[in-house]
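Given next are the chains, with one letter for each unit.
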Amino acid sequence: NAGVMQNPRHLVRRRGQEARLRCSPMKGHSHVYWYRQLPEEGLKFMVYLQKENIIDESGMPKERFSAEFPKEGPSILRIQQVVRGDSAAYFCASSPRMGTGNTGELFFGEGSRLTVL
Amino acid sequence: AQTVTQSQPEMSVQEAETVTLSCTYDTSESDYYLFWYKQPPSRQMILVIRQEAYKQQNATENRFSVNFQKAAKSFSLKISDSQLGDAAMYFCAYGGGADGLTFGKGTHLIIQP
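For the record, the sequence lines run as chains A and B.
If you use this note's numbering, the first sequence corresponds to residues 1 to 117, in order.
If you use this note's numbering, the second sequence corresponds to residues 1001 to 1113, in order.
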């Protein structure tokens, strides 16, 4: 049973370019979360999605950032016109549906490290 | 909103000794989960231990145990017989079910050989 898969593991972009980060949740998981980790800091919540729905995007910057979790395919975190301050590790996590053994635990991918030059 | 506070940015312990990492949280909920995650240099987030708030018994996983004080909203992690492989960032996290987790800022644990 594959874990949460994120790609790319490392991404380098120049200021003004677009970054796309992908996340495939664990099989049977329908909840996806994106977190950002700045150097020497903890994980900050960005967005919570279920299939085709954004449930909570209170942690997402209002501009340039968007996320989706389509019916088919991985969840995508998209950052337009990247700036140096976007350099961080972006973690995706998933959890199963409520009532199906959900223990509150999140299962994390290995993260995508974005570097903006 | 829930908050999680880890007041120790860094802790150091001799190999084979015991160390306790502190965590406090704030919530108005009565039913929730608490977690300790470990993040080694590889940056993978690894679950160490989990506690359900409705359980009075402290969770234990081999050398890892917690001291859960619900009234005080305290959730400390004790690592016994510390090993070099325990060196990592440790994050305390609060969870309310399907709502995701709120993390503390982390404690950097150093193991002295």
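Source of the hints: derived by calculation from the structure; they are not laboratory data.
Careful, some of the hints might be misleading.
[What the hints assert, rightly or not] Calculated cross-link-like contacts (lysine-lysine; reagent style DSBU-like; alpha-carbon spacing at most 35 angstroms):
1) A:K44 <-> A:K27
2) B:K1055 <-> B:K1070
3) B:K1055 <-> B:K1073
4) A:K44 <-> A:K62
5) B:K1073 <-> A:K44
6) B:K1070 <-> A:K71
7) A:K51 <-> A:K62
8) A:K71 <-> B:K1105
9) B:K1105 <-> A:K51
10) A:K51 <-> B:K1078
11) A:K44 <-> A:K71
12) A:K62 <-> B:K1055
The structure displayed is predicted, hence computed values, not measured ones.
Identify every previously stated hint that the structure contradicts and give their numbers, smallest first. 6, 10 and 12
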